[in-house]
Amino acid sequence: MFLEFVEGPLWYASAAIFIFGVSLRLIEVLTRGMPPDLSAPRGPGWPGALRTLFSRSWTAEGFTRGATFHLVAGYMFHIGLFVLLLFAAPHVVFLEERVLGFGWTPAPHWLFILAADLAFAGLALLWLRRVMHPVMRKISTFDDHAAAILTFIVMFTGCMALLMSHESLRAIHMLTVCLLLIYFPFSRLMHAFTFFLSRGFTGAAMARKGVQA
Amino acid sequence: MSDIAAPSPRLRYRRAFRISVLLLAFVLIVPLVPYGLAATGVQLTNPGADLWREVRQRVQPYEATTQVKDIDGAALINTWGETWREFRSDRLVPIGGGILLGTLGLIAAFYLIRGRIRIEGGRSGELVPRFSVNQRVVHWFAAGLFVILGLTGLVLLYGRYVLIPLLGPEGFSATAAACKEVHNLFGPIFPFAIVGLMVLFGRGNRFRWLDVKWFIKAGGLFGHRIADSGYYNGGQKTWFWMTVLFGLLISISGLVLDFPLFGQGRELMAAAHVVHAVIAVVFIAASLGHIYIGTLGMEGASESMTRGYVDGNWAKEHHNLWYAEMEKAGMVGVDENALEEVRRHDDIDFRGFGSPLPKGGDTGH
Chain A
344 MFLEFVEGPL
354 WYASAAIFIF
364 GVSLRLIEVL
374 TRGMPPDLSA
384 PRGPGWPGAL
394 RTLFSRSWTA
404 EGFTRGATFH
414 LVAGYMFHIG
424 LFVLLLFAAP
434 HVVFLEERVL
444 GFGWTPAPHW
454 LFILAADLAF
464 AGLALLWLRR
474 VMHPVMRKIS
484 TFDDHAAAIL
494 TFIVMFTGCM
504 ALLMSHESLR
514 AIHMLTVCLL
524 LIYFPFSRLM
534 HAFTFFLSRG
544 FTGAAMARKG
554 VQA
Chain B
9 MSDIAAPSPR
19 LRYRRAFRIS
29 VLLLAFVLIV
39 PLVPYGLAAT
49 GVQLTNPGAD
59 LWREVRQRVQ
69 PYEATTQVKD
79 IDGAALINTW
89 GETWREFRSD
99 RLVPIGGGIL
109 LGTLGLIAAF
119 YLIRGRIRIE
129 GGRSGELVPR
139 FSVNQRVVHW
149 FAAGLFVILG
159 LTGLVLLYGR
169 YVLIPLLGPE
179 GFSATAAACK
189 EVHNLFGPIF
199 PFAIVGLMVL
209 FGRGNRFRWL
219 DVKWFIKAGG
229 LFGHRIADSG
239 YYNGGQKTWF
249 WMTVLFGLLI
259 SISGLVLDFP
269 LFGQGRELMA
279 AAHVVHAVIA
289 VVFIAASLGH
299 IYIGTLGMEG
309 ASESMTRGYV
319 DGNWAKEHHN
329 LWYAEMEKAG
339 MVGVDENALE
349 EVRRHDDIDF
359 RGFGSPLPKG
369 GDTGH
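Protein sequence lines, in the order shown, are assigned to chains A and B.
The working numbering numbers the first residue of the first sequence as 344 and each following residue consecutively.
The working numbering numbers the first residue of the second sequence as 9 and each following residue consecutively.
No lab work stands behind these hints, which were simulated from the structure alone.
These numbers come from a predicted model, not from an experiment.
Check each hint, because a few of them may be wrong.
If the Cβ cut is set under 10 Å, some of the chain B residues that face chain A in the computed set are [stated by the list, open to error]:
hint : residue
1    : 178
2    : 185
3    : 192
Note that CB positions come from ideal geometry on N, CA and C, so glycine has one too.
Modelling step: build the complete structure from the supplied sequences, incorporating the hints.
Below is the structure:
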């Protein structure tokens, strides 16, 4: 019964909050408006926007030494999570049956294990550094810790339910997923959608000024 | 031919009835014969018993061939499996449980007798940098993995005895399924954590004669005897090398068990399980001492791994030679919020703070 509730009304409610919340936040960002730039543009903004979108995926020269840890652990986590979310067999089945109506070939088991291990290790290392580094500890807020811990819990409960042998374990995982979906639009996890806008805006603004950012 | 009369319907009926009765008697009575014979003490031998006894007792490795494409395909009976099962249920489980509970009892007794080891001179308020950000991140990463793997492993070994009375069979089934998957998924990460510990804590962990003297004085744990110690004392060095050795052995045996895709036979898997389980029990028991001393057992110890700094008096009492080196280098009484200290945290020199040791080794203490 609990599984029916979690995969039924709670899932629909949390998905609705997620879609509505994310849309609202994005509209809020896009309609915020800026004071007009009265200077003569040196060039179009869109090449800079496109360039910066990709160039910020690597640390700028001079910052490599301090950012290597975050770069490596960050990619470990994000790539691992991407493979898990979209190519783990149970997720492919869920998306096909409950969301999209079509599916795709899931990742082989060995790739799933590799992705899961990278994701867990990357997230744990990033959060530990946030807690241990004095500067990062001081500038971290509740949102930073909650996002990391909640994501870890979702992944952990998913790992517990891997055998797909007990409804209770699947229900716990779905419950944590629903909690994450509800929390998502109100948290820094929105960077998953806003980083395009952030990088693009910076690149466009700099390109308009004639600066290669 | 026409003179031979066909049997009458009544005769046919009687014949069929007799045959049916005989068949029924045969089906009902014949299976009872062995019981009857057993009751009378007559021994009936299983005609296949001799064959299977010979199969079970034959010398290994097998010379039989089979078309089955499996490393154990030619094995009709695996006798070593029973040996392994008996070891697990009759020795590993009770002796391992005794080791773990005994260790907990010893620690409790030590705490009741000795109490918490206080900083005798009280806190000086002066901070001495002890472990860097990288060292602490890797330590807690390994510790977190160890706790997850240890707890899930203990559920797999002792769950049926401890958890079934609490959770019932269905509850334990779900718990065990969850713990098995978590243990198998987090296991492959553990070797990397061990390698990280080796890299970041290896320097300064060579055993010296100083450490022998430290052991003779029991590390100064009893009474007020001061045991000289450098950056790491003898106990810490022992724990470090135990972690490296046990960690690598448990990782290798765990990977053999977790990925049976490379031709591992039953015997290799059983042997890997024995190694894995025995080392795990000893490892967990030893870790209880490490956790105790680092938290409840010794005032001021936990700060080294949470803040990265220790109190000056704590350093003087427990690592006096290292304290002297730090004092000489002007690193006693630092301000952890000072820009210089904060910048040092960003230093990705993997050696971390440590003692200001000359390159190539420690100062020879």
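Hint by hint, here is what the structure shows:
1. 178: Residue 178 of chain B check passes; min Cβ-Cβ to chain A is 9 Å, inside 10 Å.
2. 185: Status holds, d = 5 Å.
3. 192: This hint holds: residue 192 of chain B lies near chain A, its Cβ roughly 9 Å from the closest one there, short of 10 Å.
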